[in-house]
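Visitor: Work out the full structure: start from the sequences and follow the hints.
Chain by chain, the residues run as shown.
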Amino acid sequence: MIDTSEIIETIRMIESENLDIRTITMGISLRDCAGPEGGAARKKIYDKITSHAENLVSVGNEIALEFGIPIVNKRISVTPIAIVAESSHEEDYAPFARTLDEAARAVGVNFIGGFSSLVHKGYTRGDRILIASIPEALAATERVCSSVNVATTKTGINMDAVRHMGEVIRETAQLTKDRDSVGCARLVVFANAVEDNPFMAGAFHGLGEPECSINVGISGPGVVLSALKKLKGASFDEVAETVKRTAFKITRLGQLVAHEVSRRLGVPFGIVDLSLAPTPAVGDSVAQIIEEMGLESCGIPGTTAAVALLNDAVKKGGVMASSHVGGLSGAFIPVSEDQGMMDAVQRGSLSLEKLEAMTSVCSVGLDMIAVPGDTPAETISAIIADEAAIGVVNNKTTAVRIIPVIGKKVGDIAEFGGLLGKAPIMAVSGFSSRTFIQRGGRIPAPINSLRN
Amino acid sequence: MKAIVTVIGKDRVGIIAKVSGVLAENRVNIMDISQTILQDYFAMIMLVDLTEMKLSFSDLSEKLVEQGNTIGVQIKIQREEVFKAMHQI
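Line order of the protein sequences matches chains A and B.
Position 52 (the first sequence) corresponds to 52 in the working numbering; numbering is contiguous.
Position 5 (the second sequence) corresponds to 5 in the working numbering; numbering is contiguous.
Just so you know, these hints were derived from the structure itself, not from any lab.
Backbone N, C-alpha and C define an ideal beta-carbon position, used for all residues, glycine too.
Hints should not be assumed to be uniformly reliable.
What the hints assert, rightly or not - Just a sample of chain A residues kept apart from chain B, beta carbon distances all over 10 Å, derived:
(1) Thr-10
(2) Arg-31
(3) Lys-43
(4) Glu-66
(5) Phe-67
(6) Asp-101
(7) Ala-139
(8) Thr-153
(9) Ala-281
(10) Glu-296
(11) Ser-349
(12) Val-393
(13) Glu-415
To be verified - Below are the SDA-like pairs computed for lysine to any residue, each with C-alpha atoms no more than 20 Å apart in a straight line:
(14) B/Lys-10 with A/Ala-64
(15) B/Lys-84 with A/Glu-6
(16) B/Lys-63 with A/Ile-63
(17) B/Lys-76 with A/Ser-5
(18) A/Lys-316 with B/Ile-89
(19) B/Lys-63 with A/Asn-61
(20) B/Lys-76 with A/Glu-6
(21) B/Lys-84 with A/Leu-65
(22) A/Lys-229 with A/Glu-292
(23) B/Lys-18 with B/Ile-89
(24) B/Lys-2 with B/Met-53
(25) A/Lys-230 with A/Ile-8
(26) B/Lys-76 with A/Glu-66
(27) B/Lys-2 with A/Asp-3
(28) B/Lys-76 with A/Ala-64
(29) B/Lys-76 with A/Lys-316
(30) B/Lys-84 with A/Arg-12
Guide: Right under this line is the structure:
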């Protein structure tokens, strides 16, 4: 007989601490859908997605019921569309985005990622067209997510792409300005993007991946918070140990669900992403975990150390619990998806600069950051350049998902609605990075990339 | 296939009888029962064997939830693997 207290603990984690599976994401290769005729390619794409993912949602719901664990999102990621659409003779890839949107709607998933391009060394024709199509693609669809990789540790930073993306983000903001520039909430700029990330908006199905795979993202900030509340006054050794053990349990659930989804769908299991992903729900906040460690408000001195401890303990606990760990795997700090983060911004203790520091020790980057609508494209590019530098020099993934909310300024709140929540507009430096960004070219790869 | 049934709620007469009634009706064998008090609430945990059951898991789950609503307690059934996975190395 299983220990009663363990059963009660599990039930409590699910019922009152917001433990859930954040996403099961099916990655689908669209490499074989490429062809010279755009319409035919799109038909192949639609058919492939709808046939592979036909049962994703229903199987997800079945498993959620049987295991008694909410599986909050079912999503799809595909091969970067720049690669798939490139063989077609078309000059605009927004129709491909529409196809992805329709396919997502048909199978019932709420997001589909992969309207993407990998340009860390330079652009191909397909990359150029894809990136130019991003603003319209995002404005015209509801479920499509887009990402562009502009840097890697091995190749350095493509500063032409960085400059371009600042403009693309502004254009996307303009086209969706009637909805608080929500298009930008589905656009991520990466350094060292990974091929198997299950989370949106940066998910895509990388070129080294198989035909189809299942990747799972778990969520447990509420559980970690609860565990820490019992450790008032305890030393950091004990805090780290507790987070580690808690992460183990949370990840084990992800592993169990991943295997079961994979088995029932007949699709290979890819990875479990260990990221601690918050939601705006009460108690499900990473910022609150940081505050529980003893900081009056998230963002004050001590925050970077706290996030470093958290991120590391989550990885150590999670890695034992899963046969294959991947994706981003670390603490998430998306401002609009974490009530504690939003409160800290409004209190004035959390700034963009501190968030940047935090990204050097945790996984994700500057995520879901709303900034004033008049922020210049070059400033946005410079923010991307800084994040890319952190990622490239430290051999980790970093990303920027920034939303210049047209018509709003510091102190206002942007409302994105639905899954994307809302965000307080954060202050950005008013000094100009224009001359810096206009230089263009490539920042060479750092010396530590020479590992052979 | 084994599952864990948890019953949580304010204590009253007949909880065990009513819940076991639903299980017996559907040929679900109770292998072990444990009871504990969690704050003011009554919590019962049963390890059950679903091998002989003719109903689907979701149908059984629905019946238990309904029964729970009638009695005034929360009943949940989950496959055993969830607990094994989380608490055993």
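Visitor: Honestly, which of those hints from before does the structure not fit?
Guide: Hint check: 1, 4, 5, 14, 23 and 29 fail, others pass.
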